[in-house]
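Student: Each chain, written out:
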Amino acid sequence: MIFGRNLKLTLLRAAVWAVVCVVVFKILLVHVRVTGISMLPTCQDQSVYWVNRLAYVWQAPQRGDVVAIRFVPADDSISRLGPPHVMLLKRIIGLPGETVAFKNGRVLINGQILDEPYESEDYPCYWNREPVQVGPDQYYVVGDNRSMPWEDHTHGIYPRNRIVGKARL
Amino acid sequence: MKAVYRLVLLVVFVAAGIWLWTILLPGPEKIVRKRLAQVAAEASFNSGENVLALAARSVNLASRFGTNVEININAPEYGRPLEFVGRDEITQAAAGMHMHLSGLKVEFPDVSVTVAPDKQSAVADVAVRLQASGEKDFNVQEVKFTFQKIGGDWLITRVENVRAPS
Chain F
1228 MIFGRNLKLT LLRAAVWAVV CVVVFKILLV HVRVTGISML PTCQDQSVYW
1278 VNRLAYVWQA PQRGDVVAIR FVPADDSISR LGPPHVMLLK RIIGLPGETV
1328 AFKNGRVLIN GQILDEPYES EDYPCYWNRE PVQVGPDQYY VVGDNRSMPW
1378 EDHTHGIYPR NRIVGKARL
Chain B
11 MKAVYRLVLL VVFVAAGIWL WTILLPGPEK IVRKRLAQVA AEASFNSGEN
61 VLALAARSVN LASRFGTNVE ININAPEYGR PLEFVGRDEI TQAAAGMHMH
111 LSGLKVEFPD VSVTVAPDKQ SAVADVAVRL QASGEKDFNV QEVKFTFQKI
161 GGDWLITRVE NVRAPS
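Residue numbers (my numbering), protein chains in the order written: chain F, 1228 to 1396; chain B, 11 to 176.
Just chain F, with the same shape it has in the complex (with noise of 0.2 Å):
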């Protein structure tokens, strides 16, 4: 009576479920652990995340958006279908076409200071760098711990294709 009335429906009911299930846990969303302080304080250390694969299926990245990126390029083996097993968690701060810089901490898009509201005064920048352009599919990624030392934290310009997905907060 476990099974049902009908063992083979239910047979196959469980293997549908077992696809939708592997599709869904394995290839479209993927759960990420954050090892490291430097997406303070919005994702906090040895916190768990989910990483949406389709959020930029049908759009582009968004400035703001925090996203997983794919710590090592991707070749053309089958295994770019599955998720990479490290990833960087980055918030997109330029997009492409843009100039970014940092100035006294602030962050100067094209010139112009972008407001960032997700910076706590608790983890003050004193980051100041020239200007470096992004190019045509690129985006400029950084954490929000910028009270790190700028060569010890890991951001700068990455391709389109090493977005892995947006991470849900």
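Note that these hints are calculated values from the structure, not bench results.
The hints are all genuine.
Capping the alpha-carbon separation at 27 Å, the derived lysine-lysine pairs in DSS-like fashion look like this:
id, chain 1, residue 1, chain 2, residue 2
1, F, K1235, B, K12
2, B, K44, B, K115
3, B, K115, F, K1253
Use these hints to put chain B onto chain F, whose structure you have.
Tutor: Just chain B now, kept in the frame of chain F:
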């Protein structure tokens, strides 16, 4: 029905043939991935391993590299980049690690391989994850391995860090 049965049998035979072909004659990408897996396994060690086993690991690890291999790895904990040239220096470095660490786990969770058109060289972008025994924290770096086909074998000729693009 007999025709369908024969068709299914044919498909099974063709699939088995292709699978066997890839096992017996792996392409350069597959060989490079296998070499990297061997390097990760041979660079890892446990605290309980005896001296002879560790020495064998060092020799096996060095044999994966070309004789004139150049290694330049950023190591912030040492305050300077680690530079090695040649197999002997790799063997010495491995022996040094065995002396100073109680154990080390080396993993390559993400590997991206690009084989040159002439199929005589390849570049692998690798996420390298290092964790010392008893440590909760681990270190992850993006490292580029350059392989060359030397004497019929794929050997590592260069290892270097990849800086974040900026």
